[in-house]
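Chain by chain, the residues:
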Amino acid sequence: MNGRRLAALVGKESRQVVRDPSSLAIAFGLPIILLLLFGYGVTLDPREVPVAAVVEEPGGLADRFVSSFARSHWFDVTVVRHRRAAERGLVAGRYRAAVVLGQDFGARVRRDTGPAPIQVLLDGVDSNTARLVEGYIRGAWRAWLVQAGLAGRHLARPPVALEPRVWFNQQVRSRNYLVPGLVAIIMTLIGTLLTALVVAREWERGTMEALMATPAGAGELLVGKVVPYFGLGMGAMALSTAMAIGLFDVPFRGSLWILAAVSALFLLAALGMGLIISTLARNQFVAGQVAILSAFLPAFILSGFLFDIPSMPVAIQALTYVVPARYFVAILHSLFLAGDVWAVIWPNVLGLAALAALFLGGTALFTSRRLA
Amino acid sequence: MTWVARLKALIVKELLAVWKDPRSRLVLIGPPVVQLIVFAYAATYDVHNATVAVHDESRSAAAARLVAGFRGAPAFAEVVHLRHQGAVRPALESERADMVLHIGPDFARDLRTDPPAKVQLILDGRRSNMAQVLQGYSRAIVRDFNARQVARTGGTLPRAQLRVRAWFNPTLDSQWFIVPGLVAVLTLVVTMLVTALTVARERELGTFEQLLVTPLRPWELLLGKTLPALVIGLAEGTVILAVAVGWFGIPFTGSVGLLYAGLVVFLLSVTGVGLMISSLVGTQQQAILGAFLFLVPAVILSGFATPIANMPDWVQTLTLANPIRYFLVIVRGLFLKGLGPELVWAQMWPMLIIAAVTLVAATVLFRHRVA
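Residue numbers (the working numbering), protein chains in the order written: chain G, 66 to 437; chain U, 7 to 377.
I should point out that these hints are in silico values taken from the structure, not numbers from a laboratory. Possibly wrong hints are sitting among the right ones.
What the hints assert, rightly or not - Just the calculated beta-carbon pair ranges, DEER-fashion:
1) U:Q322 with G:A150: 16 to 26 Å
2) U:V370 with G:R80: 47 to 57 Å
3) U:A153 with G:R112: 42 to 52 Å
4) U:A352 with G:K77: 47 to 57 Å
5) G:T272 with U:S261: 48 to 58 Å
6) G:A325 with U:A15: 53 to 63 Å
7) U:Q322 with G:Y386: 50 to 60 Å
Just so we're clear, the structure is a prediction, and the values are computed from it rather than from any experiment. Heads up, the beta-carbon is just placed ideally off N, CA and C, and yes, glycines get one too.
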């Protein structure tokens, strides 16, 4: 490799990046949008849940039950007189759940011939939310029973009480694990999608051949292509980390130099993937589609960013091993929330290194074959 | 030639342009179906195969019964025992254990003489959704244990009992939620890319000028670009729907006609946005990136993975301009809830407005670029 030639190539590619506002928009605009959305907008923690309370016979116990529900800040309670109204509301999505107190509710509680039934209908379409809502309703029910002295020994003093503690993220803020995971997604976008498009464009327009005809070797050309995007990626990483810590108060308990080193390694794997895609796809339409389907969406869904990998079926888990984001997300979560946990860092660094070698080696192989 | 014949020729040409390239043909058919299958299995909030580490200082029969409850639960694949307190942190930190159950030395005594006996559950907040789900499972296991304990020792039951039933999805299977959502999202991605790229590609390759010298007027050109995207989107949606029903066995309880009516309106609004992007950009790269700048926030703010109701009010207002939000309600409603026409219409008219606005805007932008 020749230093001056390489510098000239890097200069040319960098100018090309700076000239096209769309790459800069992806590198810096999209991260900011994503961080703001995930930092402020997206959460799995429900706010006030709209619940219908069907009180077939108002008065006394039933009213007190409903008002203890309404006092809890988990629910936005609407009282209706008839089941039908609540059922229609469930279908229309106006209520997430309906709590039905039958006509003889008060009488049955007073008579004490076995527990009086309280029917709870959940909107099961969104199963995750339905489970959370069920938990809240159980909590409110228990609080009411204890307060009204109707709990019986079983609930008032249960034999075993569970005391949950959440380590590494005491307040269970979903922001604390979503925002670090986003860094992986943003860098996948820059590393894989941008690179795939840029190199595919050279192939599509035939300018790759023109570049090949210059004295620069294939290796120099690839390095020249990759360096500006590497810079963009590291810049976006620095921006995202700064926003995560400064704006969103996500704790950072590891060391910054490990974060920088691991990010660099991840970028190599992501860039390698982008290069392979562009070399095989040859045109931008296909390269764009393949990059989105094989890099961006998997970074979202198969990386452990939103969905837990060990809970997936074994065949899908096997697939996640070729998703670079998987290793990066695990390291990011530990660095941000737990610290320098080498038991997590080492195996994931090895995974990243193997993928980087695989993708970059594959690119070198395919590029030389395409020229032949 | 009449304008109908001209338009037909253009539509045929557009469809051929996508179809004749074997790689773009492959991209249209293969990945969406593979994605649907992979993501439908991967995108679950349920927890399986979890490992619970138990640090049992009580070593009593009652503690063993409690632990047996965890061993028997389907979510937990493995129960490992920790010998001493110092092993707790490394087990959790290295993710060898997903949660730790700590039973203190006084457990059996407290259970007998001074209930409640306290048991600590330590969860991994790095994966906080999993932590919350595991906490829910653990509560249910302890609830069972308590009920049995009360039955053994004799105690009074509460005066009122909850009977919980989930409608529309009785077993609360998260696949029933995710798969209909994927029908919307995958159709969206493909249609959006096809439309965003169509004009940009012509412009980049220089064939756009050739189109301009044909007798086609701007609105005919635009219609010629809209209809093929609609056809591709409908075909795509049909294949994905077939897989959702045929492979995943998601019940479809609504009317197929309503679904297609919703799909057409949805695709029109998506095509409008795609053509707007297409008429604003100069190159394919800008088109793909522009499509991306729309797609990513739009999917995140659609209610696909996280409920819109959880978002802050200003974000919820923002989502009103998002066509995916409405179509998701229609697809999920028609799959699981047997949604009636008037409820479908309530979601349809906002999409019609979005479609009208974006298509008109695209025509204006387009004419502006042509002039």
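Hint-by-hint comparison with the structure:
1. U:Q322 with G:A150: 16 to 26 Å: Since U:Q322 and G:A150 have Cβ atoms about 25 Å apart, the given range 16 to 26 Å holds.
2. U:V370 with G:R80: 47 to 57 Å: Given range 47 to 57 Å: violated, Cβ gap about 34 Å.
3. U:A153 with G:R112: 42 to 52 Å: Taking Cβ atoms as reference, U:A153 and G:R112 lie about 32 Å apart, which means the hint is violated.
4. U:A352 with G:K77: 47 to 57 Å: holds (55 Å)
5. G:T272 with U:S261: 48 to 58 Å: At roughly 53 Å between Cβ atoms, U:S261 and G:T272 fall inside 48 to 58 Å, so the hint holds.
6. G:A325 with U:A15: 53 to 63 Å: holds (57 Å)
7. U:Q322 with G:Y386: 50 to 60 Å: violated (38 Å)
In summary, the numbered hints that this structure violates are 2, 3 and 7.
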